[in-house]
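Residue numbers (full-length UniProt numbering): 1 to 92.
Think of the hints as simulated: they come from the structure by calculation, not from any bench.
A couple of the hints might just be wrong.
Just the calculated beta-carbon pair ranges, DEER-fashion [as the list claims (entries may be wrong)]:
| no. | residue 1 | residue 2 | range |
| --- | --- | --- | --- |
| 1 | I58 | Y10 | 21 to 27 Å |
| 2 | D92 | G63 | 33 to 39 Å |
| 3 | D48 | N27 | 14 to 20 Å |
| 4 | T82 | A17 | 28 to 34 Å |
From the three backbone atoms N, C-alpha and C, an ideal C-beta is built for every residue, glycine too.
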Amino acid sequence: RSVPFVTLDYNQRIYNAQEQLYLVRTNGGHYLVQTLDNVFYYFGEVPDDNQPVPLERIENALGHFLHFVRSEDGVLTDICATGGQRVHLHYD
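Take the sequences, apply the hints, and build the full model.
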């Protein structure tokens with residue numbers, strides 16, 4: 001589902017009270033969504049063309065993560081997890 005936010009400046013953070021989520025833009029210009037229980041959803045760089053941006057990574061406060069790898073055309077190809085686990089996806 002979509003959760004609309006405004007464009008942020010570098011190193012800015014805002015809170016959406018209705019969704020109970022923080023939107024953060026890092027010093028490097030990457031965006032992430034942070035929940036109140038410190039689960040982080042990383043989206044990387046967000047272009048200014050108002051297009052959807054795929055999720056790159058989910059990470060909790062303990063550093064456990066799922067990282068999503070996509071091909072150049074946006075197809076999900078791999079899911080990597082904490083401890084070196086990896087699932088490679090094949091499509092027919």
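Problem - Hints not upheld, ascending by number - result: Per hint list: zero violations.
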